[in-house]
Every structure is written in structure tokens, then in C-alpha cells.
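*Asks:* Sequence:
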Amino acid sequence: MEQKQAIISKINRSKKGTIFLPDSFLPIDTRHASNVLAELAKSGKLVRIAFGIYVKPVMSSLGPVMPTPYEIAEAIAKRDDAKLLPHGTTAENYLGFSTQVPMNIIYLTSGTPRRLKIGKRTIIFKHRVPSTFAYRGKIMPILVLALQSIGQSNITDNTLAIVYKILKCYPEENTWQNDIAHAPLWIRLIIKNIKEKMNSHE
1 MEQKQAIISK INRSKKGTIF LPDSFLPIDT RHASNVLAEL AKSGKLVRIA FGIYVKPVMS
61 SLGPVMPTPY EIAEAIAKRD DAKLLPHGTT AENYLGFSTQ VPMNIIYLTS GTPRRLKIGK
121 RTIIFKHRVP STFAYRGKIM PILVLALQSI GQSNITDNTL AIVYKILKCY PEENTWQNDI
181 AHAPLWIRLI IKNIKEKMNS HE
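Just so you know, we're using the working numbering here: the sequence shown kicks off at 1 and counts up by one.
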């Protein structure tokens with residue numbers, strides 16, 4: 001009973017929109033936590049997103065607001081103490097190159113590979129070696145992956161305008177030169193050219 005109350009107390013203290021998994025309550029046994037979470041979902045205090053994943057819902061006039069696939073993926077990565085990078089069209093959508101959320105949301109992870117069904121969409125975690133995550137900044141590695149997904153032959157003026165906006169909002173001055181060293185030459189040239197234009201306008 002004390003463990004159940006400890007779980008409920010933690011949920012009560014958490015802000016709306018917080019995602020919970022059975023091992024969010026360690027050292028409480030995950031099987032016991034799973035049963036309590038299921039019970040709280042039945043009572044309406046939580047909403048079940050997928051097997052073993054729950055959220056303290058933000059309510060709107062249309063009902064509970066579900067967390068985004070990105071928020072769910074980040075919650076799982078945090079639990080696993082794993083690094084995470086959106087990949088392919090997921091990276092494009094994450095940075096605004098595309099407004100359409102892909103049906104298969106793909107992440108590169110330093111953790112365990114897995115597939116997670118969320119409604120009609122699937123979150124796919126693909127394991128990669130540590131060197132994949134040898135970046136110092138947060139946005140630059142995602143930008144490199146997004147541009148790789150778009151492809152050199154598909155770069156347009158609109159693409160470059162979005163890159164400019166991203167670099168303006170997230171300059172990462174102390175890390176970008178290190179990070180683009182991991183990128184193909186054509187991406188390095190794009191980023192360096194835009195950085196030079198930004199500096200000339202200052």
C-alpha cells in the first residue's frame with residue numbers, strides 16, 4: 001500500500017503532460033508499478049498511450065492532448081540513459097523542412113533497438129555505434145541528418161532559407177565547426193556559406 005501511495009504521490013506532484021513507464025518509480029518493482037499505472041488509467045487519472053506507457057493528460061475541450069511521438073521517444077531514451085537522434089524524414093519534420101509527420105518515426109539510438117506502435121504510427125529505434133553520437137551540439141547533428149535525407153540534388157532556395165533560420169535560432173557557436181566535420185563535404189559547404197552570410201550581416 002505504501003508503494004502504491006508513493007507512485008500516486010509522484011504522479012500527483014508531476015506536471016500535466018508527464019509520461020510514465022513502469023520503471024519511472026524505481027526502486028519500486030516494475031511489475032507492481034505497471035499494475036498501479038493500469039489501475040490509474042482505468043480510473044481516468046492517466047491515459048494509456050501504448051503498452052507500458054502512460055501520460056498524465058493535458059485536457060482540452062476535445063479531450064486529452066496526447067504527447068507527440070518525439071516526446072514519447074525522448075521519455076524512453078531518458079529512461080534507458082540512451083542518446084537519440086531523429087533520422088531521415090523524421091529529422092526533416094523535426095526541424096521544419098517538412099510539415100508532415102511520417103508514419104514511421106525513426107530514431108538512431110545508443111540504446112536498445114525496438115519498435116513501438118503509437119496509434120497509427122510506429123516509432124522505430126535503430127541502434128548505432130557511439131561514434132554516431134560524437135557531436136557536441138544538439139541541433140547540428142539533426143540538421144546534418146535532415147539534409148542527408150533531403151539529398152544534395154533536392155536542395156532548393158527554400159531549403160537554404162530554412163537552414164538559415166535554424167542556424168540563426170541555434171548558432172551553437174562553440175560546437176558547430178567540430179560537428180560539421182562529421183558531415184559530407186556538400187553539407188559542410190552549405191553550412192559554412194550560410195554562416196559566412198550571417199556573419200557579414202552582423
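Worth flagging that the hints you see were computed from the coordinates, not collected in a lab. Possibly wrong hints are sitting among the right ones.
[Claimed, not checked] In the DSS-like style, the derived pairs of lysine-lysine whose C-alpha atoms are separated by at most 30 Å in a straight line are: (1) K83 with K138; (2) K10 with K168; (3) K168 with K117; (4) K15 with K45; (5) K42 with K4; (6) K10 with K78; (7) K197 with K78.
[Unchecked claim] Pair ranges (Cβ atoms, derived): (8) E173 with H127: 29 to 35 Å; (9) K192 with S43: 54 to 60 Å; (10) T99 with S14: 27 to 33 Å; (11) P130 with W186: 37 to 43 Å; (12) N35 with V129: 16 to 22 Å; (13) S43 with R121: 23 to 29 Å; (14) T68 with N199: 31 to 37 Å; (15) E196 with E74: 31 to 37 Å; (16) N104 with S43: 20 to 26 Å.
The model shown is predicted, which means the values in this text are computed figures rather than measured ones. Glycine residues also receive a C-beta, built at the ideal position from the N, C-alpha and C atoms.
*Asks:* May I ask you to test the hint 23 to 29 Å on the CB atoms belonging to S43 and R121?
*Replies:* holds, 27 Å
*Asks:* At the C-beta level, are N35 and V129 separated by a distance inside 16 to 22 Å?
*Replies:* violated, 37 Å
*Asks:* Look at the Cβ atoms of K192 and S43 and judge whether their distance stays inside 54 to 60 Å.
*Replies:* holds, 56 Å
*Asks:* With the threshold set at 30 Å, check whether the alpha-carbon distance from K10 to K78 stays at or below it.
*Replies:* Judged against 30 Å, a Cα distance of about 17 Å means the pair holds.
*Asks:* If you draw a straight line from the CA of K197 to the CA of K78, is it 30 Å or shorter?
*Replies:* violated, 37 Å
*Asks:* Does K83 pair with K138 here, judged by a C-alpha cut-off of 30 Å?
*Replies:* Holds, at roughly 11 Å.
*Asks:* So does P130 sit 37 to 43 Å from W186, Cβ to Cβ?
*Replies:* violated, 25 Å
*Asks:* Given the range 29 to 35 Å, decide if the beta-carbon distance of E173 to H127 lies inside it.
*Replies:* For E173 and H127 the Cβ distance comes to about 32 Å; the hint holds.
*Asks:* For the pair supplied as a hint, K15 and K45, confirm whether the alpha-carbon distance does not exceed 30 Å.
*Replies:* holds, 13 Å
*Asks:* Is it true that T99 and S14 lie within 27 to 33 Å of each other by Cβ?
*Replies:* Because 31 Å falls inside the window, the suggested range holds.
*Asks:* Is it true that the CA of K10 sits at most 30 Å from the CA of K168?
*Replies:* At roughly 39 Å apart (the allowed maximum being 30 Å), K168 and K10 break the hint.
*Asks:* Using the C-beta atoms of E196 and E74, is the stated range 31 to 37 Å upheld?
*Replies:* holds, 33 Å
Checked against the numbered hints listed earlier, the structure breaks hints 2, 3, 7, 11, 12, 16; every other hint is satisfied.
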